[in-house]
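Participant: Each chain is listed here by its residues.
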Amino acid sequence: MSALNQPTNEPSNAVLIRRLFGLAWRYRLHCLQVLGIQLILLSLGIGGLSLTGLGIDYIRHKMENTPAVVAKGIHFTLPVEWPPLRVLGLLAGLILAFALVRAALNYVYAVSVNRLVQLKLVVDLRGEVYEKLQQLSFRFFDANSTGSIITRVTGDVQSVRMFVDQVLIQSVIMGISLTAYVIYMASLSPSLTVACLATTPVLCLLAARFSRKIQPEYALNRTLVEQMVQILTENIQGAAVTKGFAREAEARAKFDAANLACFTQQRGIFWRVSLFSPAVGFLTRVNMMVLLGFGGWLVAHDRLPLGTGLVVFAGLLEQFSGQVNNVATIVNSVQQSLIGARRVFEILDAPVEVRTAPDAIRRPRLDGAVEFDHVSFAYDGAEAVVRDINLAVKPGQCVAILGATGAGKSVLMSLIPRFFDPTAGRVLIDGHDVRRLNLEDVRRNIGLVFQESFLFSNTIAANIAFGHPEATREQIERAARIAAAHEFIIDLPAGYETVLGESGNSLSGGQRQRLAIARAVLLEPAILLLDDPTAAIDSETEHEIFEALDRAIAGRTTFIVAHRLSTLRRADFIIVMEDGRIEQRGTHEELMRQPGPYLRVANLQLVDPRDLQLLGLAGGEVAP
Amino acid sequence: MKQSLPRPRVGVLVQQAREEEDEEQFKPLEWGLIRRLFTYTAPIKGKVTTLAVMTLIRSAQLPVLVWVMTLIINGPITSRDFRGIGLGVLGYGLLAVSIDVLFHFRQRFALEIGETVVNGLRTEIFAKLQLQPMSFFHRLKIGRVIGRVTSDVESVRVGIQDVLFVSVIQFGSMVFSAAVMLYQDLVLFLVVLALAPVLWALNRHFRVKLSLYSRASQESFSRVTATLAESVNGIRVTQGFVRQETNAGLFRNLLADHARYNIALARTSAILTPLLELNSQFFVALLLMVGGWRVFHGDMAMGSLITFFLLANQFFAPIAIIGNQYNQALIAMAGAERVFRLIDAVPDWTDDPAATELPRVLGQGVRMEFRNLSFGYVPGRPVLHEVNFTALPGQTVALVGHTGSGKSSIINLAAKFYLPTSGEVFVDGREIRTITSHSLHRQMGMVQQQNILFSGTVLDNIRFSRPEATDAEVQAAAASLDCLDLFEALPEGLLTQVGEKGAGLSVGQRQLICFTRALLADPRIVILDEATSSIDAMTEARLQHALRQLLAGRTSFVVAHRLSTIRHADLVLVLDQGRIIERGTHAELLARRGQYAALYRQFVQVDDTA
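For the record, the sequence lines run as chains U and V. For the first sequence, position 143 (counting from the first letter as 1) is numbered 143 according to my numbering, and the numbering increases by one without interruption. My numbering runs 624 ahead of the 1-based position in the second sequence.
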C-alpha cells in the first residue's frame, strides 16, 4: 500500500499541534478581532454585575444606613446629593446601556466567529483537501472506502477547524476570563476568593478525566451503531437472499444482537454521564455554600458589602464555574481535532506521484505511436504486476489484450496516460518518454472507456463534453453519432438536456457505454484505451456497442481489453498476458494456429460443428 | 489500512438524507403517538414510575435551593446571626446533596428509558421488514429505512428522555419560583409575569426560523457530500479527462453556497442569544427601578428585592428551555410518525393461513408447472402473458430473451417472491399459494445476478444458507464444486473477509461463493440469475464445471447469458415481451431457425459487423 497508509509515518501529537498552530496563524488577524470583542464583552459583563450590586447596596444604604457605598472594582462613586430614585434611574439606565452594548457586541462576536469558521477556515480547508484529492493516485482511492474519503473532507475538516475556534480561541478566552474573575473577586475579598475557588482544581481534573474516559466509549458506541446500520443495509440489499433461503429468523437474531450490543454498551455511558454531571453540579454548590457561610460571616461583620460584595460574588462564581466546565469541552475538542488533523494532513501531505516535469515537452497533438520498452511496474514494495513488457504499436493500430483477472492488463494500460509511472523501463509516445511530455497534453490526447463507465449526475450533453466543457453542440452531436448514441439520446424526453441519475432517466448498460465512448471521442484522441468496455452489458445487447466501437477505433491507436472472440478478432494484433508478462502475441489467425492459452479460451467460446450445421452456416471457426 | 473512525450521519448517510427532503420536519403533538411510544417502556415500568415521582420532586428542588439561599442572605446574614448562618449553610448543603443524588437517578433512568424505546423501535422495525414480501423491497429506498432507524429514532429518543421530563421540571421550577415571588411581592411579580410572554414569543419566532435555516444548510451540505461522493467514484474519469481544476472550482462554489446558508443560520442564532440576555438585563434594570421605588416607599422589604434578583432567573430560564423542548417534541412527533408508518406498513400479501408445508423429498427435484400465468408488478401493466410450461423433476430450464422480456419475473414467481395476477404455479402438483413460503424457500437455492454477499468471512457467507452446517460440511460443499482450493488460496482462506476493499474477491470468486452457499442448502430447486459481467475465460471454465455440479439432480431455472449453460438446458424458453415465443432444446431451436437461431447467430457470427 502507499505511504498514505503506513502507520509508521504517523506524525506525533506535538508535530500535529505545531501544524495546527500554523493553521491558526494564517487567520491571526481574524482570531485577534474575535478575541478583542470577547475582552470588551468580559469587562462589560463584570461592569453590569457590579452595577446591580451597587444598586442593592445603595438601596440598603438608604434604608438600613449601612456603610456608604463604594464600588471597589469599577471605581465608581455615586453622586451623594441626588435624590435616591434618580440614582436608581441612573443605575438602571447604565445597566440597560451596558446590556445593549453587550447584546450588540455579542451579535458581532457570533457573526465574526462564524465568518472566520464557515466562510474562511472550512471553505479553505475543504477546498484544499478536495483539490489535493483530485490529484492523488488511484491507489489511494482503492485503499480507502468512499465513505472514509468523504468523511475526511466533511467531518475531519470540521474537527480540524475546531482546533482554531473551539480550542485556541476558547482557551484564550477562558484564560483571560478566569484571570479577570479571580482578580476582580480578589479585589473584593482575597480570602473569600481563595475559599470559594478551593474546589476548582478538583473540578478541572474531574472534567478532563471524564472527557478522556468517555471519548473512547462514545467512539465505540458509534462503531456499534454503524455495525447495526450496516446489518440493516445489507439485509435490505440482500432481501432476496434472506428470503430465498428462508433465513429471516437468523437475520433477526443477528440484528437483535447488534441492537442489543448498542443498548448494553450505552448503559455504561449512562452511568458515567449520570455520575459526572451531578458531581460537577455538587462541586459548584459547595462553592456556593462556602460563599454563603464564609461570605455571610464577612457581610455580617461588615467586612464585605452585601450587593457589590456577596451578590456580585455569587454572580461571578456562577460565571466562573461556567467557564471551568468548558475545560471538558476543550479537552474533548483537542482530542477530536487531533484525530481529524491526522486524517486531513495525511491527504494534504500525500505526495502527488505523477506530475509534469518542469522542462516538459509540449506536444498538443500526438500521432499515437506507443512503445513499451522493458517496462515493469510494482506497487511500492509489492510483487511486480507488470514485468518487462516490450511492445511497439504504430499510429492507428489496434491491440487487444487478453488475460485473467490480475494478469496486469489494466495496469499496463494505466501506464500510458501516466496514472502510474513504470518502476523500470520506459513508455514512449511518438518516441518521447511519457515522463518527458507535458502531462495534460498526454492525457488530452488519450480517450478512455472503462468497464463500467462512471457518468456524472448532469445533463447528457455535459457528460459527453466532460473532457472539453466548451465544446459546441455540433461537436457533441458529432461525437454522439460516432458512438451510435445520437438516436437514443434524441428519443429521450429532454434529449441532450436529459439529466442523468434522476429516477426515471436510468439508461441501460449499453447506452451508458455508448455515452462513455462519445465522451472519449469528443476529444479526437490519437490514442484510445478501452478497458473491457462490454463487461457490464448483457450478451444479448452487446452487439449494440460494437458499431460504436468500430467507428471510434478507426484511425486511432487503440488498446482494448477483451474476453470475447468477437471483440478480440477486431484487433490488428493480440497480446495474451499472464502474471504480468506477455505470454503470446500475434494476429487472431496466428494465435489460432499455435497451442496455448489463446486457443484454449477460443475453444470455450467457439461453436460446435453440429450447431453450425443446424444453423446452416459453413466454414466458421470450429472447435477441434 | 488504518481503521477510519466511524462518524454517523456524515458521508453516505447525508447523501441519502437528500431523499427525505419531501418529508415533514415537524408534527403537532398527538396523544395517541405519545401513548404508543410509552408502551415500549413496558420492560422497565418500575423505572418509569420512579422517574415520574423523581421528576415532580426535582421540579421543586431547584427553586427551593435558590429560595433557601435568599433566606440565608435576608435572614441570618443581614441580621448577623452567626448560628443562623451556620445552620442555613448546613441546610443548604443537605439540600444540595439530595438534589445531586436525585439528579443522578433522574438522568440515568431517563437515558435508560430513552434507550429502551429506541432499542424496541429498532427491533420492531427490523422484524416487520422481514415480514414484507419482495415487492416491498423493490420499491424501498434504502436511505429512508436508514433514516428511520437512525435520525428518526434518535429524535424520538430525545423526545422520550428529555422533552417530557425536562419540560415538567422546568415548568415546575417556573411555577414554584412564581409562587415564591408572588408570596414576596405582587406588583413586582406582575412585572415579571408581563415579560414572560415576550420572552416566549421571541424564542418561538427565532426557533422556527432557526429550524428552517438549519434545514436549508443541511440540504446544501448534502449537495456538497453528493458531489464529493461522485468525485471520489469518478476519479478515474476526472483524471483521465484532465478535469481536476474545473472540478475544484465547481466544488469551491458549492462550498461557498453552503457557507452562505451557515452564515444565515449563525446570524439568526446570533440575534436570539443576545436578545434573551438583553431581556434579563432589562428585567434587572426594571427591578432596580420599580423594586427600589417600592422599597423606598416601604411597600416592599429589602429582602424581597434580593429574592427577586436571584429567583427571577429560575423563572425566566425555563421559558427558553421549554421553548426549545417544545421544538424537539414536534420533531420527535414527526420522527415517531414516520417510524410507525414503516412499522405499520401492511404487506402486499402474506401466506394463506391455510397454507401447509411442502414435504421434502430427498434427492429429487420438484416438478413445477406454470399454467395460464399472467403477471404484472403494477396493476394494468402486465409483464407476463399466458405463460405455460412444465419443468420436470431434475430438469434445467434456461430463460433467454432481451432485457425486459420477463425472464426475472418468471424467476420471481417460481420463488414465490410474487404471486401471479392470474393463472397458477404448481409445485409437485400443489398450487403455490397453498404452500408456506418458508417451506418452499428452505428447499430452494438462489444465486442472484449481483452475487450478493454479506459482510463477514467467506465461511459465514457460505453458511448463511444453513447456519447449523459444520466446517467439514462447508468444505465438502466447496470441494464438490471443485473450488475449495480457490477459497483456501485467498489471503486468509475461508476466513477471509468478503466485504473489505482490497480483499480482492473477483466477480468469479464471488459467484463461486454464491454457488457453494446455494449447494450447502441441498436444495430441490435452484434459481440462478447468471451474472452478465464478463468473467475471464479461465474462471469461466471453472464456473461451468461448478454449475453442472450445482444443477445436477435438481430442478433449476437459469437466466442464462452463457452459451454453455443454454446448451446444456433441458428446456430453453425464448421470451419476448412477456410471452414464450419459442421453446425446445438448444438443438431443436437452432434447427427451427427462428428467433433463437437469429439471436444465436448474432452472438457467434463474429464477422457480421467487422
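Just to be clear, a hint being listed does not mean it is correct.
Every beta carbon over 10 Å from chain U, so not counted as near; a handful from chain V, in silico [said to hold, decoys possible]:
#1 G656
#2 A684
#3 V769
#4 S855
#5 V970
#6 R995
#7 E1112
#8 G1202
#9 I1205
Now the stretches of chain V that chain U is said to cover, found in silico as 3 or more residues with beta-carbon under 8 Å [unchecked claim]:
#10 686-698
#11 886-893
#12 922-933
#13 972-983
Derived from the structure by calculation, the hints contain no laboratory data. C-beta: ideal position from N, C-alpha, C; glycine also.
Participant: Against this structure, judge whether each hint is valid.
Facilitator: Evaluation of the provided hints:
no., hint, verdict
1, G656, "holds, 26 Å"
2, A684, "holds, 16 Å"
3, V769, "violated, 6 Å"
4, S855, "violated, 7 Å"
5, V970, "holds, 18 Å"
6, R995, "holds, 23 Å"
7, E1112, "holds, 17 Å"
8, G1202, "holds, 16 Å"
9, I1205, "holds, 14 Å"
10, 686-698, "holds (count 4)"
11, 886-893, "holds (count 5)"
12, 922-933, "holds (count 4)"
13, 972-983, "violated (count 0)"
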